[in-house]
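The residues making up each chain are set out below.
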Amino acid sequence: MRKVRVGNLEAKPGEHVFGYLEVAKSRSGLSPDIPVHIIAGAEPGPTLLVQGAIHGSEIIGTMAILNFVKKADPKKIRGTVIAVPVVNRIGFELQERGSRIDGKDISRLFPGNPRGSVSDQVAYVYFEEVIRQANVMIDFHAGGRTAYERYVLFTAEADPKNPTEMEKKRRKLVVAFGLDQAAFFPPGTFGENKAKDAIEKAGVVQFTTEFGGGTGWYENGEANVRDAERGIWNTMKAMRMIDGEFEADGPLCTIYNACVVLWKPPVDGLFIRKKEFGELVKEGEIYGSLVDPYTGEELGHLYNTKEAIVIPSGQNWPTVGATSIGILGIVDQVVDRRTADLYVSFD
Amino acid sequence: MKIGTIAAKRGEKAFGFFKAVETHGRFDVHIPLHIVEGASEGPVLLVQAGVSGLEIEPAMILPKVVAELNPAEISGTLLLVPLLNTSGFEFEQVQAIWDGKDLNTLGRGRADGTVSEQLIHAYYQQVVSLADALVDIHTGALWGYFRYAGVYKVGAVSRSKDLAVALGLPQVLLGQPEDQSLAFEAAKDGKTVVSAWIGGGPGLRDHREEDLGRVRRAVLNAMRHLGMLKGRVEFEDGRVSIVNGHTVLRVSGERGLTFMDKGKRGQKVQPGEKLGYVKHPYTGDIVQEILAPREGVMLHAGAAWPILPEGALLAILGDLVEEVPAP
Numbered sequence: 488m489r490k491v492r493v494g495n496l497e498a499k500p501g502e503h504v505f506g507y508l509e510v511a512k513s514r515s516g517l518s519p520d521i522p523v524h525i526i527a528g529a530e531p532g533p534t535l536l537v538q539g540a541i542h543g544s545e546i547i548g549t550m551a552i553l554n555f556v557k558k559a560d561p562k563k564i565r566g567t568v569i570a571v572p573v574v575n576r577i578g579f580e581l582q583e584r585g586s587r588i589d590g591k592d593i594s595r596l597f598p599g600n601p602r603g604s605v606s607d608q609v610a611y612v613y614f615e616e617v618i619r620q621a622n623v624m625i626d627f628h629a630g631g632r633t634a635y636e637r638y639v640l641f642t643a644e645a646d647p648k649n650p651t652e653m654e655k656k657r658r659k660l661v662v663a664f665g666l667d668q669a670a671f672f673p674p675g676t677f678g679e680n681k682a683k684d685a686i687e688k689a690g691v692v693q694f695t696t697e698f699g700g701g702t703g704w705y706e707n708g709e710a711n712v713r714d715a716e717r718g719i720w721n722t723m724k725a726m727r728m729i730d731g732e733f734e735a736d737g738p739l740c741t742i743y744n745a746c747v748v749l750w751k752p753p754v755d756g757l758f759i760r761k762k763e764f765g766e767l768v769k770e771g772e773i774y775g776s777l778v779d780p781y782t783g784e785e786l787g788h789l790y791n792t793k794e795a796i797v798i799p800s801g802q803n804w805p806t807v808g809a810t811s812i813g814i815l816g817i818v819d820q821v822v823d824r825r826t827a828d829l830y831v832s833f834d
Numbered sequence: 538m539k540i541g542t543i544a545a546k547r548g549e550k551a552f553g554f555f556k557a558v559e560t561h562g563r564f565d566v567h568i569p570l571h572i573v574e575g576a577s578e579g580p581v582l583l584v585q586a587g588v589s590g591l592e593i594e595p596a597m598i599l600p601k602v603v604a605e606l607n608p609a610e611i612s613g614t615l616l617l618v619p620l621l622n623t624s625g626f627e628f629e630q631v632q633a634i635w636d637g638k639d640l641n642t643l644g645r646g647r648a649d650g651t652v653s654e655q656l657i658h659a660y661y662q663q664v665v666s667l668a669d670a671l672v673d674i675h676t677g678a679l680w681g682y683f684r685y686a687g688v689y690k691v692g693a694v695s696r697s698k699d700l701a702v703a704l705g706l707p708q709v710l711l712g713q714p715e716d717q718s719l720a721f722e723a724a725k726d727g728k729t730v731v732s733a734w735i736g737g738g739p740g741l742r743d744h745r746e747e748d749l750g751r752v753r754r755a756v757l758n759a760m761r762h763l764g765m766l767k768g769r770v771e772f773e774d775g776r777v778s779i780v781n782g783h784t785v786l787r788v789s790g791e792r793g794l795t796f797m798d799k800g801k802r803g804q805k806v807q808p809g810e811k812l813g814y815v816k817h818p819y820t821g822d823i824v825q826e827i828l829a830p831r832e833g834v835m836l837h838a839g840a841a842w843p844i845l846p847e848g849a850l851l852a853i854l855g856d857l858v859e860e861v862p863a864p
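Residue numbers (our numbering), protein chains in the order written: chain A, 488 to 834; chain B, 538 to 864.
Only chain B is shown next, with the shape it has when bound in the complex (with noise of 0.2 Å):
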């Protein structure tokens, strides 16, 4: 396998970076990539982290799974990027600092875009068309907190919810919003998809060991249910539950310090139920209240902390559609 200038053969492990463009500076705009070559011939993963430069958690893990995996053990190919906003992380940012776009908007990029669209581009062609499976891991940055996996309702649902499942992590969420993401138009080109959400920094001080090694499960769980590693997948509790999800709460109405129920994440909500609310900032008065709009399972997703940005996620409702027990 080569991309750019890194090169692995057979049961060989690489990494280097994977340049697009440069910027009118001459910046390097690149993307670290490490490829793990297997001994025998098989799938394609591709797992990506850090699309956003403020959900940096997983290059804390993703390296050591690199280090743990032996070539030689191996079918097919692992490439993984642990954080692909290199320029939103240096200046701790969710956009890129090149154009201030974020990278998570483009679709599949444009030869002929600025820097960002560029990066995205080259990147999907020569890195994201080489996959069969995609798994893109997110965070809640710094105000939001997850442990769920998403699937989009496009292109190999069937095979990207079984993917889904195997990551182990609690919640599976059946139709994923349609976004202008790289990992929704690699859906749509018919890739296994798969959107890991884990972790998010209001929960870090008490969840990093376990979130990081929701991480590193899920990249294994990932290999081992495409054929790439032995052994049976593991899953975090003794089931996972798969939600269709039909209603996506985002920050809308009064602006203030926003305060959800985490109590309720895992469980069924009534209509009207209140979810959370919001406080005004300097009376603290109750300026809205924020309420299910109908009934359904609450994901384990959503904001934490309580001033966030706009159009954040709140919650995630869906019905129970199925609970998968551990193998």
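Extracted from the complex, chain A is given alone in its bound form (with noise of 0.2 Å):
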């Protein structure tokens, strides 16, 4: 067995390693430096990246991830699990997605450039020093603190009928992690994903969760947070880093083609939605308003394009940006773990 290292830091077989990966410096002299824990296993096996806040305002991962280092023991583990609480510091200090910095969004970046601003200098040591080393990524992602989400996002099949190793083992792993809906967009849905691309090109099974929000926190953070890190377990799990039964939030898994992107109308006042998530909304019909802050008066509806059935995810908060604020989908799957083979090998 040898040690794993990454970048800077460096950790032996049966160790837990914390410390921050060297990355760039502003020319302030501030370094977005980001904090890495390495989980050596005791035993040879594959590798996991967890992820956390690469959207600094996206923080229920970060809780997951701490929880799960504080529990994770690394001679009882196969193989290596990296976890980065926060990938965007900047943009976690001041609680926004992209980084102040240079106002870029890190996600977009990989492969990076080492000659680029200091987020693409980030991406390009972070892409190069973790995600290389990966078998499997698991990028949390949620609603800020606008919006509320729960479901496992992973990329379409570039064709359905004769998937990739990687796609099939993909679509296991957006399964095992327990929740009990999941969601792909059609290729195209927003336009070329480069970074996406280079991750893949890079042999790394790679999956998004959109989980929680900070519109839900009150009631629900702490169970997205447990249910979060669940996920981070049941993964290891198909992955055979650990042993265990998996655990979700049910017997089912329903997959949804999200083929339906609603933007905010050319009219800007309050939002209010009036779909709940699991609603199936006819064509036509009104999925959220905007109405005056003022008067009261609605100044325009947001229609629903096609028949379909409301994702969790979308914005509660009542002013919105130029992002999408409701997705809907047809049932692609029905995946029932309790029948299904959900575990993959790196051999």
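These are calculated hints, taken from the structure and not from any lab test.
Even for Gly, the Cβ is constructed at its ideal location relative to N, Cα and C.
Don't take every hint at face value.
Example chain B residues on the side facing chain A (calculated, C-beta under 8 Å, incomplete) [what the hints assert, rightly or not]:
1) P619
2) R645
3) Y682
4) G738
5) P739
6) Y814
7) E860
Each chain sits in its own coordinate frame; assemble them with the hints.
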């Protein structure tokens, strides 16, 4: 067994090491070095990367990772877990999605650029030193402070009838994670994503969780953190890094083709959502409305464009920016965890 | 009643923008204002919300409350500002955008001050000064969650306490901390003043409708209590607990991820009892425990989201002094 090295950090088999991965320096000398836990298992096995807050205000995964690293015992693990509670430290500090240091979204910059801006350099070092080592990468996202979400998101198979080995593994892991709902966007929904392509070209099986958020925190925060952590343990079980039974929301995982993305209509005001998670919405029905904040007059409606079911994703806070504020889907597959094979191998 | 260019005769409603000043770029700095002029004489009640540009949920219901009121059935005048800090709302921040000032810290403003100070000065002189009573509605913005009515211990304390009870929220705080707000100035001027703290972002998904209902009930209850509207006040619960506040906990010491125990809201806590903790954001170590400095009842108030701005309220403790049954 060899030591695990992540940039300037190093862990021997059976060790849990915490430190800051040196990435870049800004003009004022600010170093957004990335906090990294290396949990180097005593026995050989695959490498799992769990990362939170690459969008700085999306911190449910951060809290789950912190709870996870307190419990993970490297002596009982096969392989390595690299756990990164916060990738985007500037955004985390300022409670913003991107990094104000250069206005960039690190999640869109992979494989990065060693001669670019600070975020380009962060992405480059992180990609080379962390992401490239992983067999599987769980990227925790959430609704920031203004939304609430609860599903696993993954990239659609290029050819659904002939999925690649990587795509087969990804679908298994998405189900193994343990939520009752998952979704993929049809290719091209949000345009080209070169960062995701780079990660896949590096041979990393990647999926995203859209988990929790500020507007549901008061009632559901603890449950979401608990279930996000449960998903890490489940993924390790699926990768055979630990033994144990899968734990999940329930036996079934419904996978949606997220074919409807609703954007704010061209009027502004206070957004009031009128449809709830799991609700079937007909084409042309009103999903939400914009009202005048001073007179209460309805200024416009957000109409659904195709009959579909509301995926647990969306805005609750009354002001909305240039972002999607509703996602709906049709059922692509329902997987029964009691009979499905959820194990993946990286020999 | 005529305020600026907004005028309503007896038995009429009017809406407009109360303009105080223009910026150097010639943007109007103004406040949206509803006037509901009752058919008969009575007190003047000012209801205002959104002094912070991030306390915006009351604007989802206050215009509807105005819409449902029939001036023919009202005695006196309701002045209602659904969202005072329009520039903070526009740019999604607590402070006004024009000068970075927190409108809740400018007292009664200054005629020769910054844009925000001039705004508050004009508002205080031409709107607040007309009111017999003020209900100042706040929320927890993006990080706190609240359900109580607060009363300052200056001015017309007894009348303010009675109005606070009448709002019907589950708790009333006597001894709301003195501050630099225009509400505190109004209290010092002898007006009946209550701060209604209702809702906040962390509870928005699960409690939006009930919180908007609380705002509506508070306004209608205030009008009933003041004799402006017929009918009895309605309490949320069977009683309102009156708490004499003695301890305000704010962010201090270690920074990190802050977790407060919401299960202790409304409960009596003992000295040294753990109310929350602060966790290191990268290692997960507990770096500070938040303890009750003395015995008291914890208000339904304070931080909920784990990342808090400097100075954010964590919790309020006080002694239970009275329980008022529903009328």
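Do the hints match the structure? See the list:
1. A least Cβ separation of about 6 Å between P619/B and chain A falls short of the 8 Å threshold, and the interface hint therefore holds.
2. Here the hint on R645/B is broken, as its CB sits about 24 Å from the closest CB of chain A, past 8 Å.
3. Taking 8 Å as the C-beta cut-off, the interface hint given for Y682/B holds, the closest approach to chain A being about 5 Å.
4. Hint status for G738/B: holds, given a least beta-carbon distance of 6 Å to chain A, under 8 Å.
5. The beta carbon of P739/B is positioned within 8 Å of a beta carbon in chain A (closest approach about 4 Å), and the interface hint is therefore held.
6. About 12 Å separates the beta-carbon of Y814/B from the nearest beta-carbon of chain A, more than 8 Å, and the hint is not met.
7. Here the hint on E860/B is broken, as its CB sits about 25 Å from the closest CB of chain A, past 8 Å.
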